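Enquirer: Just so you know, the sequences run in chain order L and X. For the record, in the first sequence the residue sitting at position 191 is 191 according to our numbering, with numbers rising by one throughout. To get our numbering, take the position in the second sequence, counting from 1, and add 1000.
Treat the hints as calculated values from the structure; they're not laboratory data. These numbers were taken from a predicted model, which means no experiment stands behind them. Just so you know, not all the hints are guaranteed correct.
Unchecked claim - Facing chain L, a subset of chain X residues (Cβ under 7 Å, in silico): (1) Ala1033; (2) Thr1079; (3) Ala1089.
What the hints assert, rightly or not - Quick look at which bits of chain X chain L covers, simulated, 3 or more residues with Cβ under 8 Å: (4) 1014-1022; (5) 1046-1053; (6) 1125-1134.
Note that the Cβ used here is the ideal one computed from N, Cα and C, for glycine as well.
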Amino acid sequence: MQPGVVFAQDYQYMCSEAGQNIIKDAIKTHGLTGVVVCSCSPRMHEATFRKAAAQAGLNPFMVEIANIREHCSWIHKDKEEGTEKACVLMRAAVAKVTLNAPLKAGESKVVKRALVIGGGIAGIQTALDIADAGFPVDIVEKNATIGGRMAQLDKTFPTLDCSSCILTPKMVEAKANENIRLITYAEVEEVSGFVGSFKAKIRKKARFVKEDVCTGCGVCMSKCPSKKGLNEFNMGLNNRSAIYIPFAQAIPNVAVIDKEQCIKLKTGKCGLCQKVCTAGAIDYTQQDEFIEEEYGAIVMATGFRPIDASKFDEYSYSTCKDVVTSLELERIMNAAGPTGGVLLRPSDGKHPHSIVFIQCVGSRDVSGRGKPYCSKICCMYTAKHAMLIRDKYPDVEVHVFYIDVRTPGKNFDEFYRRAAEQYDVDYIKGQVGKVYEENGQLVVRGVDLISNEQIVLNADMVVLATAIEPDPTARKVANMLTASIDTNDFITEAHPKLRPVESPTAGIFLSGVCQGPKDIPETVSQAGAAASKVIGLLAKDKLTTNPCVAHSDELLCNGCSCCEKVCPYSAISYETKLINDHGVKETRRVAMVNEALCQGCGACTVVCPSGAMDLKGFSNKQIMAEVDAICL
Amino acid sequence: MSVNADWKPRIVAFCCNWCSYAGADLAGSSRLAYPADVKIIREPCSCRVNPMFILKAFERGADGVILCGCHPGDCHYSTGNYYTRRRMALLFSMLDYIGVERGRTRVEWVSAAEGAKFSRVMNDFVAQIRELGENVKVGDLRCKE
């Protein structure tokens, strides 16, 4: 037996109740001061065994796990070698546990208010669910209205529901719910703090219209002489006035002035909207406002945008007006869109007779121009577009170039087959090499991989199923929240299977496409899941904090500030105090760790030149002992 | 190079709790084998690894030391692995200077989703250490007996 070990026992299911009882009994019978469990990964059952120890009266942090399953028995075929390694791992854990010190988890408060960043369907649903549980929640939306991308869609697959008909009641509900505060045309600028107690600073951009006074009558829009602003809601396919309400069902139904387009704000002349506004809502002097608020939990629901199709020269998106993206087509087909829902091609407003759809534009693209992942929704919305066009305009020929048709979802494959079989949409397995204009005619050159032949098609319109990417604000927001983000700018989950709506950073939750491509039903389910996690957190009165935090030995600290500079949480401050150094009294500047802010990364421990800074639970001595035991 | 026929490399792997330790767990649950010579020490973050720990390992007779952390930009603590990257670049070149070959030290980024990468990296690293053979314990030459 290893020095210090007084009791050892093996049992097949240590994590079972009987197994835990063995540990509890041993602690009591032998008066153990430390426990090593040789078992599966501490990421699985560390909490279980710590709890058992605590129940037997031992400090839970006097328990160490030797991972002899995932790191040993499951990967080493040679039994002898594996056993030898298991002994080494056990020896290292014993060496460490003899140096463990009892730690006490602190407590921190929970501010019973949640922040949802993003007011699309994900954010709205999360906020509604949190609000229904009785907790106040703020939605911060960067645009002038909530609704997000879903508001721009015409119909939804596979039911062909009208998108805004199912979305707008939710928007109205969010506005009416007394627990929800909508902060639109606003962005989160700063976040500090930690789970249970975040502080956020929100910039509410100047609308130049008093939100509480405007009635949304729209007279200002019709009188505004500046009508050259690109209508973002219609993907820039038509123009709007400088003062505008983004769309008819906008929430809040309040006008906003585009300061780049407004003649009054640019030149000081005009002021027509102010004259015609009977409510007196126009205020050209309005300034950005700042809101500071505390939150217990934050939900990221920052959503997505389609990637820029002009990166793909071969499809001539930037040169040919009749090459459009799917989201643009969505607006063209919408009754509230630029053509009033009539399918007309953008170049000359004529009815198209042949349309070619190109899938995977920028998706599954490992060349570096596009995205390596599958955007998930494009196969289905392309089938939807093709079907709707064939249904409304049977004279229009529809061709779809695809790599694979991916339809994993309830009623998805049936939907796609309906498009191909019932509506005679011509699905061509193959990729398009070039789209160009020849004598005023769009020509699509591609390849049919099944017949292995080159295909040349004349088209009146080409529709690009562009990949979706996280909204460009996602990285900035994630950095502010110290939420980890992957190379594609999607937010990383705490566990891809078991904790899919939580960020590894405590108190940060994920809702919608910011976590990965997904369709509306998946977004809504995830939004509800994120809300339930938030509710679970806000329902607590106190949180226990991680006691494995940094600690500075004030006798060794020389106040050099090295640790403060590397701390990502600004948890280190300095205090000038009287130090009694073995009888020598001296006033010195020493580092102090705010245990509520420290997350225990240990960056400070390595930069400390005097060795004053150490990490509880992972101290220098403990790790050195592990190294020793392994290299014995 | 090695004369001892029974020699088995001693390899210490420092893995951060959030990415690489979980990646090693995934390698385990996916049964992606690598040599038993690798022994993992769990750290909260790769930036917790003090160069002292690595020197200590070589002083104790380790044949190789590998540090695994989250991919740059993915650190749970935002910036920890950037410190690791810079710190180890310096330390490894210094170790090389004192006679611990560059091949005996390595930093790798392994995410929690990269069980296959963890296994591949460990197989590769162990093969490299076997190639280099038994290490000479790092000690103070002035104290040579």
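Enquirer: Per the coverage rule (Cβ-Cβ under 8 Å, at least three residues), is the region 1046-1053 of chain X covered by chain L?
Expert: holds (count 7)
Enquirer: Given alanine 1089 of chain X was flagged as interface, is its beta-carbon under 7 Å from a beta-carbon of chain L?
Expert: Check failed: Cβ of alanine 1089 of chain X comes no nearer than 14 Å to chain L, outside 7 Å.
Enquirer: For the region 1014-1022 of chain X, do at least 3 residues have a Cβ located nearer than 8 Å to some Cβ of chain L?
Expert: Coverage by chain L holds for the region 1014-1022 of chain X (4 residues, Cβ < 8 Å).
Enquirer: Can threonine 1079 of chain X be said to touch chain L, with a Cβ gap under 7 Å?
Expert: Interface hint status for threonine 1079 of chain X: holds (5 Å vs cutoff 7 Å).
Enquirer: Does alanine 1033 of chain X pass the interface check with chain L, least Cβ-Cβ distance below 7 Å?
Expert: 5 Å, holds
Enquirer: If you count the residues of the region 1125-1134 of chain X with a beta-carbon closer than 8 Å to a beta-carbon of chain L, do you get 3 or more?
Expert: violated (count 0)
The structure fails to meet hints 3, 6 from the earlier list, while all remaining hints are met.
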